[in-house]
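Peer 1: Chains as they are written, first to last, in this note's numbering: chain A, 1 to 363; chain B, 364 to 650; chain C, 651 to 1033.
Just so you know, the hints here were simulated from the structure itself, not pulled from any lab data.
Nothing false has been slipped in among the hints.
Think about it this way: if two alpha-carbon atoms lie no more than 27 angstroms apart in a straight line, the pair counts; the simulated DSSO-like pairs of lysine-lysine are: (1) B:Lys-405 x C:Lys-1022; (2) C:Lys-786 x C:Lys-955; (3) C:Lys-731 x B:Lys-405; (4) B:Lys-405 x C:Lys-786; (5) C:Lys-731 x C:Lys-785; (6) B:Lys-405 x C:Lys-857; (7) C:Lys-785 x B:Lys-405; (8) B:Lys-405 x C:Lys-724.
Each chain is listed here by its residues.
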Amino acid sequence: MSNTSSYIRIDKVSRRYGAFKALDDVSLDISKEEFIAILGPSGSGKSTLLRLIAGLDRPTEGRIHFEGKDVTELAPHKRGIGMVFQEFLLFPHRTVRENLAFPLRMRNEAKAEIEERVEWVAGILSLSTMLDRYPSQLSGGQQQRVALGRGLVARPTLLLLDEPLANLDRELRQEMEIEIRRYQKQLGIPFIYVTHNQEEALSMSDRIAVINNGRLEALGERQAIYDHPQTPFVARFVGKSSKFQGVVQPDGATVRLARHDYEFALPPDKKFNPGDAVEIFVKNERFDISSKQDGGVGIPSTVVDVVLRGPFLEYVLETDRGDTVIAVKPKRNDPIPIRERVLLSWNPADCHIFKDGADDARR
Amino acid sequence: MQDANLQRRLILDIPTGFLLLFFVMPLAALVTLSFWQTENYKIVHEWTLMNYGTLATERAYITFFLRSLVMAIGVSVTLVALSWPIAYFIVRYGGRYRIIFSLLLVIPFLSGEVLRLIALQGMLGPAGLVNGALIRMGAAPLRMIMYSNAASFIAFIYLYLPLVVTTIYLSLINFDFRLAHAASACGANRFRIFTEVVWPLNLSGTIVGFMLAFIPTLSASLVPRFLGGPNGTLYGMSMAQQFGESGTWALGAAMGVVLFLFSAIALAILSYGVDLRRTGFTGLGRQ
Amino acid sequence: MFETKLTRRSILVAGAATALAAPFVRPSWAAPDTVRALMWEAYLLPDQITAFEESNKVKFVPSFFDGNSEAYNKLRVGGSKEFDLVQADGFWPQLYFREGLLREVDYSKVPNSSGYLPEFGAEVFKVLSDPQSGKKIGFPFCWGAYGITYDAGKVQPERTETLECMFSSDYSGMLSTSARFEENIALAALLVTERLGSRDKPRPDGKPFNPYVLSDEELAEVEKLLIQQKSLLLTRYQDNPTLFQLLQSGAVVAATEFAQVFRQLLTAEAQGAAPVDFRHALKMKEGGLGWVDTWLVTSGVQDGKKFDLCNSFIDLMISPTVMKKIGEVAGCSTTVDLRSISNETERKLFLMDRSNEIADLFMFDQPSSPEKWERVWSNVQAA
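The shape of chain A in the complex, shown without the other chains (with noise of 0.2 angstroms):
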């Protein structure tokens, strides 16, 4: 994306604190009508990322535009963001209506205009017959939309969302994960949606920006990240998956497990030297599970419990050198029953494999 045709710009930006380095040159940029995830552990620097575009915090290096201008030393108040904040943060001495009005009134906006406004976002968000209590009187998820409504009336250049569902239960959290990307699509404004959640990334986002230790691991399209990961860290971030140690063969060809007595061709895009150490991250719904019978390949392994989650099945395997793997498979009227001896393997095409100690090299 070149600089004139993206939305907002995050260009090299860095911020320390002392010797320390909360974020690292980290480049981004967004365009209108996106739903991006940011996407990191706690302590990041993802936060710090979120505090930076909104101006809440000010990078030590690097700029951020706004639609081509530089707002990197504008106030908050100034830069025309909404924000949506994990403890919602809903002003307790105010009611809804004067919560959703605040940003309005801010603007110093026409009365008839903030309530106009106000109408239409309690209208979108579902709180008309809440507006005149306070927050302390409603409920997780309705003070959830009230903060939404808050972020949005004011027609934001972009809404910021720091893990505005983290402290929602998880049928409520599924449920707002679909409202918000409809929002989104809507209303047709840049959501930055920060998260440590790779499901609620996944399942909401167009892109993903994943950080690690204040840098930028990956970014890309959602289903990019998830089926390619470039760094061992976003193969064991972003999805769920198993880990194995293996050795490159003489033949550089083959890989060999270090545990367990199993090989595979390495697929024809990976080039390894022989003899070099690499990690195998296999995701849990890749796994091929067949009987012991069949006399296929695979680790030896036994099914230790079987758990039912909707129109999966998981299944808790045991290999014979005492690791523990997860593998989920559709649901089938006749499982494979628990204390049965199975085979685990994979195809190749489906499994990252990279080299040993390549996330440690990174750094």
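Given the coordinates of chain A, assemble chains B and C onto it according to the supplied hints.
Peer 2: Quick look at chains B and C alone, frame taken from chain A:
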């Protein structure tokens, strides 16, 4: 069952008894006395409203009351205005020294009020720090701060500043400053963050601080006695004279009742006039 | 004595406490082997008390007060059964006796009473005799006046011959008086009655002139005078250290006081403070105010062991050695002749040769109407 009963009775009866003994009974005695008269150091046990009539009509007592009221309002408003920036600074920039700052505030309380007053009398008096220096430099002493209402005003500020700063400090330290960030992200500038969020949400604490300065100032007798000078007699000082010197206890009691009622009403207006919800008060603590 | 009195009085609103407690207090009946005294705290000499307790095998239980009206109130509330010995000054002992709170005393049982200065002898000092029966009602103890201490370098000594100097705009902002309302009013009354010439006219109580008994007209004039005086005052001092500071720093050039600060100033000078010609005018041409502290025995004390104990305690208190010590500690003049055991400075300092002047002073008394006087004082303060 017996035990539970006993326990409940202890829990209820002890504080009730305490209140009765040390609050209700003296107050009842004060009210009773205020409807009697004194004559030559003797109490005349005849019910009369004369004391209240005197207070309502005699210019002297009205003057004392108005002086005290103006003083109390001036002192409390000034204290709130002074304490806010101090407390705000400690909370926001005190960092790990916050606890030390807040302890420093308490130090003056370690000595008695009289001691602090005498120290202040020395400071403000003709041979004191300020005027002593002025005289040594050959300048005229500042008459204004010697034995005047201005001196009393300075003393009240000095006496109650730590109290008000501490109160506002405690309010601010419990305030979630992320709400200020939220307001900022909602487009509020610094001024509006303060007026729309920080101030209203610390209003209860501020009112408590205001009252903690207002009520003792309104009833103060020591400060005007030591520092007020010939024109500095305040209501509380006059009241103390009724009891201590002139032996006109009944009139003093009526003055006490008036003061009590006025303070109670001021407290009621301030606490009920302010919608607690509008100060973020949920009755459940911080949420 | 008054040093303690004034500070303590300012701090404790003792009268209030007493008045409020009145409905709830119950007398604690005296144990036979105690002597209970209601007294000024400044006169308590712990060594002497211990010696008294040991030689008589009794316990001495002191209670303290900060003003005559407070003592009076305590005595009335507790009844004379609460205390055995009590102190009062001015005309207050006569009031106590009239109210039946005191018993007659016997000078023959107190040998040291023979050591009184002539002015305070039993026959001469009529303030301690009941006017009706002529019975003796107490023993003189310390005495003092409410004169003018002034800086002779700034105030001409002859100006202090009249009270006018305390009301003169020549010393505007450099005058000070105590915060005691009775003495302020009484002193102003001396000037007012002199001006009005009303002293020789029939007095409201039908008795000879007493500045504590004033007509409404005189009180109104006093009020006016005190209001005028207010603008001339730097402050009404609350305690002696304050006045000491004000006089020493030169901020105040003349002040009415009990001569204690005067003594302190002279002592300070003797100890090296910058010499200032401080003087004390005891009596002005309009007259002056004075007080004599006393030891009185309450009507609860019967003849016998208790009365003997009281007498021996008083005898100890007015013995020359104890008296001298009390004079030094409390800073007051004594009614006992100590000239034989004092040096020249002490004689000057404690006005030992001027005790005859006490006879011409108006004794501290109860205001004719505390209610009216209080109103005058409030009006002055509010003006």
